[in-house]
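J.: Residue numbers (this note's numbering), protein chains in the order written: chain A, 1 to 480; chain B, 481 to 960.
Treat the hints with care, as some may be off.
As the list claims (entries may be wrong) - Non-contacting residues of chain B with respect to chain A, defined by C-beta distances greater than 12 angstroms in every case (computed):
| # | residue |
| --- | --- |
| 1 | Asp498 |
| 2 | Ala517 |
| 3 | Lys519 |
| 4 | Glu549 |
| 5 | Cys592 |
| 6 | Arg613 |
| 7 | Lys630 |
| 8 | Gly786 |
| 9 | Tyr892 |
| 10 | Asp897 |
| 11 | Ala915 |
To be verified - With the C-beta cut set under 10 angstroms, the calculated list includes, among others, these residues of chain B facing chain A:
| # | residue |
| --- | --- |
| 12 | Asp514 |
| 13 | Asn665 |
| 14 | Tyr738 |
Stated by the list, open to error - Within a straight-line C-alpha distance of at most 30 angstroms, the following computed DSS-like cross-link-like pairs (lysine-lysine) qualify:
| # | chain 1 | residue 1 | chain 2 | residue 2 |
| --- | --- | --- | --- | --- |
| 15 | B | Lys508 | A | Lys84 |
| 16 | B | Lys735 | A | Lys331 |
| 17 | A | Lys252 | B | Lys784 |
| 18 | A | Lys320 | B | Lys617 |
| 19 | B | Lys630 | A | Lys84 |
| 20 | B | Lys509 | A | Lys137 |
| 21 | B | Lys544 | A | Lys312 |
| 22 | B | Lys537 | A | Lys312 |
| 23 | A | Lys325 | B | Lys519 |
| 24 | A | Lys39 | B | Lys606 |
| 25 | A | Lys331 | B | Lys606 |
| 26 | A | Lys126 | B | Lys606 |
| 27 | B | Lys544 | A | Lys126 |
| 28 | A | Lys137 | B | Lys544 |
| 29 | B | Lys617 | A | Lys137 |
| 30 | B | Lys630 | A | Lys126 |
| 31 | A | Lys331 | B | Lys617 |
| 32 | B | Lys735 | A | Lys86 |
| 33 | A | Lys39 | B | Lys566 |
| 34 | B | Lys519 | A | Lys243 |
| 35 | B | Lys784 | A | Lys57 |
| 36 | A | Lys126 | B | Lys805 |
| 37 | B | Lys792 | A | Lys28 |
| 38 | B | Lys544 | A | Lys64 |
Just so you know, the hints here were simulated from the structure itself, not pulled from any lab data. Because the structure is a prediction, the values reported are computed rather than measured. Cβ atoms here follow ideal geometry from the backbone N, Cα and C, with glycine treated the same way.
There are 2 protein chains.
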Amino acid sequence: MAKDNKKLVEAITSMDVDFAQWYTDVVKKAELIDYSAVKGCMIIRPAGYAIWENIQKELDRRFKETGVENVYMPLFIPESLLEKEKDHVEGFAPEVAWVTYGGLNPLPERLCVRPTSETLFCDFYKNIIHSYRDLPKVYNQWCSVVRWEKETRPFLRSREFLWQEGHTAHATAEEAEQRTIQMLNLYADFCEEVLAMPVIRGRKTEKEKFAGAEATYTIEALMHDGKALQSGTSHNFGDGFAKAFGVQYTDKDNKLQYVHQTSWGMTTRLIGAIIMVHGDDSGLVLPPRIAPVQAMVIPIQQYKDGVMDAAKSVCERLGKVCRAKLDDSDKSPGWKFSEQEMRGIPVRIELGPKDIEAGKCVVVRRDTREKIEVALEDLEQKIPEILETIQKEMFERAKAHRDAHIWDAHNYEELKDIAANKPGFIRGMWCEDQACEDKIKEELAVTSRCIPFHDQEQISGTCVCCGRPAHKLVYWGKAY
Amino acid sequence: MAKDNKKLVEAITSMDVDFAQWYTDVVKKAELIDYSAVKGCMIIRPAGYAIWENIQKELDRRFKETGVENVYMPLFIPESLLEKEKDHVEGFAPEVAWVTYGGLNPLPERLCVRPTSETLFCDFYKNIIHSYRDLPKVYNQWCSVVRWEKETRPFLRSREFLWQEGHTAHATAEEAEQRTIQMLNLYADFCEEVLAMPVIRGRKTEKEKFAGAEATYTIEALMHDGKALQSGTSHNFGDGFAKAFGVQYTDKDNKLQYVHQTSWGMTTRLIGAIIMVHGDDSGLVLPPRIAPVQAMVIPIQQYKDGVMDAAKSVCERLGKVCRAKLDDSDKSPGWKFSEQEMRGIPVRIELGPKDIEAGKCVVVRRDTREKIEVALEDLEQKIPEILETIQKEMFERAKAHRDAHIWDAHNYEELKDIAANKPGFIRGMWCEDQACEDKIKEELAVTSRCIPFHDQEQISGTCVCCGRPAHKLVYWGKAY
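With these hints in hand, go ahead and build the complete structure from the sequences.
T.: Below, the structure is given as structure tokens:
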């Protein structure tokens, strides 16, 4: 058993030794992804895709409760359409993939593979929105997008990734702003309630906002290594795109008005976040609410009479109250334990001849390794309780870790010191001059993550960079 | 009311006058699709996408019951990978879209946008399959694919379409054949049970089989106009791809063996099939099991006291037993009726002041226009019953129509006459010489649809084309 264990675990670098390597090891060994024949594009394997399916299911349910309708837009955008909004094309043109041939013939106009679909939605909305009666439009699509990144990492930054992109059109600026914030809050609640991942909600600076947006809102999470991860964004476009594309409607007074638009997205990057917030040196640790398998039943001495039958019966009973699976392969129990741990399955249920005789089993929590004896007759009641406890405690631990890694910087010296020595978020006042943001980024490799909504404390009266008067608290950090 | 009705309906061409135009009118007026800025690519609107979501949900559930696991493979295939299997590349290369630039830089190797993913799966399987313990692999993905078609029609043939593609690898030829047939039967059952669409199961001829396959099985449905629609296919590749890509495993005797592979797919084309099998001159008619909204509650004299409240209460109660919706817009009832009919919602529930007083409502079936008085207290029981009746009768009607359009041809004269004058399937014996198939296609625009599994009757002893001895019964037809 010890030998088995070693074999699988040996392959993982410790996160304290090399966090980046640890991450790469986990995504491979937990069989979440494989590399593909196309550089920078990944294969999402069953264990990884099942997590995405659970994310989709839960997010989609929450979307639909707010009136979102799903659509599917084309994969391609003609170059002339991409170019209609100036800031937008400047932001995206350098990193798109271009289709130039259809079959054996060169295309009359290049098509880019969508990096995001604002331009397509605008062109569509222009055709279907005529009157105030046609508003609002609250559409979303689940699809893949392509951005030709130079440096790639599985889930975090790949040339193709899966996401959802919501695109809405409203009669008024107020309604658009409300929807932008509503979706950001939906994202934040989802991350905290389902992924057990605390996030900071705030607004991006002008420098960091989305190409073409009036305002970009973001949720920022802290990874185990102290780096920030932008986990979801929601953009208010005002009527900028509407003017560029001519998306107008007739209001109740029969006057032509431009619509106000928003867009918002979350991606497979969330799987990277789950790994880096909750994982440990034995591999993945999945929050129960998102885990494809929540309880793995592992028989001990499975060739003894009655053991496999008892394990099957336990798995069947559990299947009614959670997502349970039986490992009935011919591997050793120790090997099965290591695999369950590597894959981050929230609990395993060990069941051997002596347990069966005593009418109990041993439940081992993946997150704390705590062993809990549970009477077999109590299984249906206890396992869901244990899963809920794990979910709650995983959030609390992640929050405690995050809160223990937020540092205040009152001047440039402090900022420099923290940036060099203390991984985590840095709170620092900002004068709102982009020059300071640029300098901090260039000299300290630290970017403004957001201007938070909820703790706009005046920790000092002066900019952390230039010392001039400052009224905005900003969260700074190194980021993925 | 009559005037309203006319307005919406006027816009549709009658199916007897011009079936192709009727089809185009329905997909547009029922708001299933819109045309996009990219020629040949469509926008799937909420009413269309919701049908696809229901297809996905039900198919995916059935897949998973047979052990299918979902994955996601890259959108792009390097040219050198596409070229590894000779027949396959010959079949697909002329109709793929090529990416030649990533950002501002030309790519070192062209990438095609996947037209299908056999080659990617082979390359993946080569990396993850080593021993007999790694088999079988039964993977599937839901995605979009691109084929640069010259002539396009919404859902039926578009340059991009949505589908699922299953790709499996097995230790033995027998197991691969079993899986191929299993999935074809799953498709057929789905079409008949859920889409109320009868299908003929059979094998494609050598000429019509998939590029690179040893055998292609198909389900063929008959559209209202008498043309056939290939509705799902399942391919057995034998070990051809495995040999081209070197996908091998070590068997129990420690010998290297090639795997045996299959693939199978269904597409958004099914939405076209639903339209053309069930639709009528008032628009779409959706089978209840696939309808996003099954019952539309329409208040009559909705501004009278109590009417809207009663309608809301009816809708809420129905929401517990079916997918119900209330049309509380300020349109007239007649307009609402026309919309409900155009969108193919299986039943509408008319509820006015007199109905409320009498404790009843009027249920109108979309398929037969039959009006059924239902006591309000019986709603939860009656509506699901009516929906089941509709589902059953829609299948029976489609089957009766299909069976009334199957003609037997015993020689070339008969074949020619039927092809020219009688829309439908033609049963005719075939000598298995491709020259006959070619001649029939060229002269009569009729193709072999399949060699059916289930009614291999010897309707004559000689080939319908050349008169030589023949033992195979073939279904022939004009096809989409």
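J.: Decide, hint by hint, whether the structure agrees.
T.: Results of checking the hints against the structure:
{"no.": "1", "hint": "Asp498", "verdict": "holds, 24 angstroms"}
{"no.": "2", "hint": "Ala517", "verdict": "violated, 5 angstroms"}
{"no.": "3", "hint": "Lys519", "verdict": "violated, 9 angstroms"}
{"no.": "4", "hint": "Glu549", "verdict": "violated, 4 angstroms"}
{"no.": "5", "hint": "Cys592", "verdict": "violated, 9 angstroms"}
{"no.": "6", "hint": "Arg613", "verdict": "violated, 8 angstroms"}
{"no.": "7", "hint": "Lys630", "verdict": "violated, 9 angstroms"}
{"no.": "8", "hint": "Gly786", "verdict": "holds, 26 angstroms"}
{"no.": "9", "hint": "Tyr892", "verdict": "holds, 36 angstroms"}
{"no.": "10", "hint": "Asp897", "verdict": "holds, 38 angstroms"}
{"no.": "11", "hint": "Ala915", "verdict": "holds, 28 angstroms"}
{"no.": "12", "hint": "Asp514", "verdict": "holds, 6 angstroms"}
{"no.": "13", "hint": "Asn665", "verdict": "violated, 24 angstroms"}
{"no.": "14", "hint": "Tyr738", "verdict": "violated, 20 angstroms"}
{"no.": "15", "hint": "Lys508(B) / Lys84(A)", "verdict": "holds, 27 angstroms"}
{"no.": "16", "hint": "Lys735(B) / Lys331(A)", "verdict": "holds, 22 angstroms"}
{"no.": "17", "hint": "Lys252(A) / Lys784(B)", "verdict": "holds, 25 angstroms"}
{"no.": "18", "hint": "Lys320(A) / Lys617(B)", "verdict": "holds, 27 angstroms"}
{"no.": "19", "hint": "Lys630(B) / Lys84(A)", "verdict": "holds, 28 angstroms"}
{"no.": "20", "hint": "Lys509(B) / Lys137(A)", "verdict": "holds, 18 angstroms"}
{"no.": "21", "hint": "Lys544(B) / Lys312(A)", "verdict": "holds, 19 angstroms"}
{"no.": "22", "hint": "Lys537(B) / Lys312(A)", "verdict": "holds, 28 angstroms"}
{"no.": "23", "hint": "Lys325(A) / Lys519(B)", "verdict": "violated, 47 angstroms"}
{"no.": "24", "hint": "Lys39(A) / Lys606(B)", "verdict": "holds, 17 angstroms"}
{"no.": "25", "hint": "Lys331(A) / Lys606(B)", "verdict": "holds, 23 angstroms"}
{"no.": "26", "hint": "Lys126(A) / Lys606(B)", "verdict": "violated, 48 angstroms"}
{"no.": "27", "hint": "Lys544(B) / Lys126(A)", "verdict": "violated, 41 angstroms"}
{"no.": "28", "hint": "Lys137(A) / Lys544(B)", "verdict": "violated, 34 angstroms"}
{"no.": "29", "hint": "Lys617(B) / Lys137(A)", "verdict": "violated, 42 angstroms"}
{"no.": "30", "hint": "Lys630(B) / Lys126(A)", "verdict": "holds, 27 angstroms"}
{"no.": "31", "hint": "Lys331(A) / Lys617(B)", "verdict": "holds, 19 angstroms"}
{"no.": "32", "hint": "Lys735(B) / Lys86(A)", "verdict": "violated, 62 angstroms"}
{"no.": "33", "hint": "Lys39(A) / Lys566(B)", "verdict": "holds, 24 angstroms"}
{"no.": "34", "hint": "Lys519(B) / Lys243(A)", "verdict": "holds, 24 angstroms"}
{"no.": "35", "hint": "Lys784(B) / Lys57(A)", "verdict": "violated, 41 angstroms"}
{"no.": "36", "hint": "Lys126(A) / Lys805(B)", "verdict": "holds, 28 angstroms"}
{"no.": "37", "hint": "Lys792(B) / Lys28(A)", "verdict": "violated, 52 angstroms"}
{"no.": "38", "hint": "Lys544(B) / Lys64(A)", "verdict": "holds, 25 angstroms"}
The structure does not agree with the numbered hints 2, 3, 4, 5, 6, 7, 13, 14, 23, 26, 27, 28, 29, 32, 35 and 37 stated previously, though it agrees with the rest.
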